[in-house]
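Going by our numbering, the first residue of the sequence shown is number 21, and it counts up by one from there.
Keep in mind that the hints were calculated from the coordinates and are not lab data.
Wrong hints could be hidden among the right ones.
Distance ranges between label pairs, derived from CB positions [to be verified]:
{"hint": "1", "residue 1": "Arg-82", "residue 2": "Gly-40", "range": "17 to 23 Å"}
{"hint": "2", "residue 1": "Lys-46", "residue 2": "Asp-68", "range": "18 to 24 Å"}
{"hint": "3", "residue 1": "Ala-81", "residue 2": "Pro-28", "range": "29 to 35 Å"}
{"hint": "4", "residue 1": "Asp-90", "residue 2": "Leu-51", "range": "18 to 24 Å"}
{"hint": "5", "residue 1": "Asp-68", "residue 2": "Thr-44", "range": "26 to 32 Å"}
Each computed DSSO-like pair below joins lysine-lysine, with the alpha-carbon atoms no more than 27 Å apart [to be verified]:
{"hint": "6", "residue 1": "Lys-89", "residue 2": "Lys-32"}
{"hint": "7", "residue 1": "Lys-32", "residue 2": "Lys-75"}
{"hint": "8", "residue 1": "Lys-64", "residue 2": "Lys-46"}
{"hint": "9", "residue 1": "Lys-46", "residue 2": "Lys-32"}
{"hint": "10", "residue 1": "Lys-32", "residue 2": "Lys-67"}
{"hint": "11", "residue 1": "Lys-46", "residue 2": "Lys-89"}
{"hint": "12", "residue 1": "Lys-67", "residue 2": "Lys-46"}
Even glycine gets a Cβ: it sits at the ideal position worked out from N, Cα and C.
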Amino acid sequence: MDDVNLPPSSRKILLLLEGGGALTHKELVRLSSLAPRTVRYALKRLKDNDMIVEKFNFRDARQILYEYKDSQMVSAQ
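Turn these sequences into a full structure, and let the hints steer you where they fit.
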């Protein structure tokens with residue numbers, strides 16, 4: 021995380037994803053107390069830096085789940 025220059029909002033979202041598993045945009049907005057637009061921007065920055073992955077949400081196909089990339093690698097082993 022320290023290698024990449026991330027804004028504070030992206031760091032906050034990344035910390036939530038590291039500790040909380042896969043979360044939706046709506047859950048991230050609620051947990052972070054950030055504006056929805058700010059969370060979208062933070063997720064875009066994290067995706068661009070290949071730090072998170074998007075997953076299909078089987079409970080609600082209209083929403084995307086976001087997950088910290090290292091946690092996915094651990095669960096695959």
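Structure-based check of each hint:
For the hinted restraint 17 to 23 Å between Arg-82 and Gly-40, the CB-CB distance of approximately 20 Å keeps it satisfied. Checked against the given bound of 18 to 24 Å, the beta carbons of Lys-46 and Asp-68, roughly 22 Å apart, stay inside it. Roughly 32 Å separates the CB atoms of Ala-81 and Pro-28, a value that falls within the hinted 29 to 35 Å. Checked against the hint of 18 to 24 Å, the C-beta distance between Asp-90 and Leu-51 comes to roughly 19 Å, which is consistent with it.
One distance hint, 26 to 32 Å for the beta-carbon pair Asp-68 and Thr-44, is violated here, with the actual separation near 20 Å. Restraint check for Lys-89 and Lys-32: the C-alpha separation of about 15 Å stays at or below 27 Å, so the hint holds. A C-alpha spacing of about 20 Å is found between Lys-32 and Lys-75, which places the hinted pair at or below 27 Å, so the restraint holds. Proximity of Lys-64 to Lys-46 is assessed by CA-CA distance (about 15 Å); at most 27 Å being required, the pair is judged to hold.
With a C-alpha separation of about 15 Å, the suggested pair Lys-46 and Lys-32 falls inside the 27 Å cut-off, and the hint holds. Of the supplied pair hints, the one linking Lys-32 and Lys-67 holds, its CA atoms being roughly 14 Å apart against a limit of 27 Å. Restraint check for Lys-46 and Lys-89: satisfied, since their Cα atoms lie roughly 19 Å apart, inside the 27 Å limit. Of the pairs offered as hints, the one joining Lys-67 and Lys-46 holds, with about 17 Å between alpha carbons and a cut-off of 27 Å not exceeded.
Violated hints amount to a single one, hint 5; each of the other numbered hints is respected by the structure.
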